[in-house]
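Undergrad: As given, the protein sequences belong to chains L and U, one line each in that order. Heads up: the first sequence runs through residues 1 to 115, numbered per this note's numbering. Heads up: the second sequence runs through residues 1 to 112, numbered per this note's numbering.
To be clear, the hints were calculated from the coordinates, so they are not data collected in a lab. Glycine residues also receive a C-beta, built at the ideal position from the N, C-alpha and C atoms. Don't take each hint at face value.
Coverage of chain U stretches by chain L, computed from C-beta distances (three or more under 8 Å per stretch; other residues unrestricted) [as the list claims (entries may be wrong)]:
| # | segment |
| --- | --- |
| 1 | 38 to 47 |
| 2 | 102 to 109 |
If you want a taste of the chain L side facing chain U, the calculated C-beta under 7 Å gives, among others [said to hold, decoys possible]:
| # | residue |
| --- | --- |
| 3 | 8 |
| 4 | 106 |
| 5 | 107 |
| 6 | 108 |
Non-contacting residues of chain L with respect to chain U, defined by C-beta distances greater than 12 Å in every case (computed) [what the hints assert, rightly or not]:
| # | residue |
| --- | --- |
| 7 | 3 |
| 8 | 4 |
| 9 | 13 |
| 10 | 42 |
| 11 | 61 |
| 12 | 75 |
| 13 | 82 |
Okay, here's what each chain looks like letter by letter:
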Amino acid sequence: DAGVTQSPTHLIKTRGQHVTLRCSPISGHKSVSWYQQVLGQGPQFIFQYYEKEERGRGNFPDRFSARQFPNYSSELNVNALLLGDSALYLCASSLRQGAANQPQHFGDGTRLSIL
Amino acid sequence: LAKTTQPISMDSYEGQEVNITCSHNNIATNDYITWYQQFPSQGPRFIIQGYKTKVTNEVASLFIPADRKSSTLSLPRVSLSDTAVYYCLVGDPNTGGFKTIFGAGTRLFVKA
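Next comes chain L alone, as it looks inside the complex:
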C-alpha cells in the first residue's frame, strides 16, 4: 500500500505570495494532520482534520488554513508568505482521530523556500 504522499516535494515562493500544499493519506485513514518543521527543530503542530472537520489547531496565524476533502485528502494553504514560513511541511495520517496504538504515519514533506 502507498504511504502518505505529499505534493509538491519542493517549492520556491516569494514574500507575499500564496501557496497550496497537498496531501493524500494512506488508504482508509480518515485523519490528517499538518506540521511545520523549521531546520534544526522538531515538527510543530498546525492542524488536525478528521472526517472533513477541523479537530485541532496549533499556535499559527490565520494566514494558515486547511481543509479535508470527501476522499480524505487535504490541502494546507498559506497566504501572505513571510520569510519565516520557509520550512518542511509535513502531513500525517492516522486511522481515526486519535487512538492508542494508532500512530500517525508521516509523508516526506514539502520543502517550502521563501525568497
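With chain L held as given, fit chain U onto it using these hints.
TA: Then chain U, alone, in the frame of chain L:
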C-alpha cells in the same frame, strides 16, 4: 499537554545498545508515550508506543517505570543507519483534537 525533556545528542558505536531517556514529569493518567525516528529530509517514522511497564517490537524496546515520569527507548545493536533524530512524545490519543507535540529530539550519531 505534558512536556518532555530529552538529551540533545548522543554518540554510540556500531553493535552497541543505545538507551535514550525521556523525562515527562507532568504526564497525565490517560497519556501514552510514543517515540518517532526521523532521518534528514524525511518525515518522522513511528518506532514504538507504550503506556506502562515494558513494550517490545522488532526494532526497539520501551521501558516505563511505575511512576511513568520518564521512559527509556532501547535500541539493540545499533548500526550506522540508526543515525537519526529520535523524538519522545506524550499525549492522550483518545481525546478530541489530539495534538502531537514534538520537542527538539535527541540526535543519535552512530560511529563505525
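Undergrad: Look at each hint and say if it fits the structure.
TA: Now the hints, each set against the structure:
Given as covered by chain L, the segment 38 to 47 of chain U passes the check, having 6 residues with a CB less than 8 Å from a CB of that chain where 3 are the minimum. With a cut-off of 8 Å between beta carbons, the segment 102 to 109 of chain U has 4 residues touching chain L; three or more are needed, and the interface restraint holds. For residue 8/L, the shortest C-beta to C-beta distance to chain U is roughly 14 Å, which exceeds 7 Å, and the interface hint is violated. Evaluation of the residue 106/L hint against chain U yields a held restraint, the C-beta minimum of about 3 Å falling below 7 Å.
Because the beta carbon of residue 107/L sits about 5 Å from the nearest beta carbon in chain U, less than 7 Å, this interface hint is met. The criterion of a C-beta within 7 Å of any C-beta in chain U is met by residue 108/L, whose closest approach is roughly 5 Å, and the hint holds. Distance to chain U contradicts residue 3/L as a non-interface residue, since its nearest Cβ pair spans about 9 Å, not more than 12 Å. The Cβ of residue 4/L sits about 7 Å from the closest Cβ of chain U, inside the 12 Å cut-off, so the non-interface label is violated.
Every beta carbon of chain U lies more than 12 Å from that of residue 13/L, the smallest distance being close to 19 Å; the non-interface claim holds. Chain U draws residue 42/L into its interface by the beta-carbon criterion, the shortest separation being 3 Å against a cut-off of 12 Å. At the 12 Å boundary, the C-beta of residue 61/L stays outside the reach of chain U, the nearest C-beta of that chain being 17 Å off. Every CB of chain U lies more than 12 Å from the CB of residue 75/L, the least distance being 18 Å, so the non-interface label holds.
Here residue 82/L stays apart from chain U, with its beta-carbon at least about 22 Å from theirs, past the 12 Å limit.
Checked against the numbered hints given earlier, the structure breaks hints 3, 7, 8 and 10 and satisfies all the rest.
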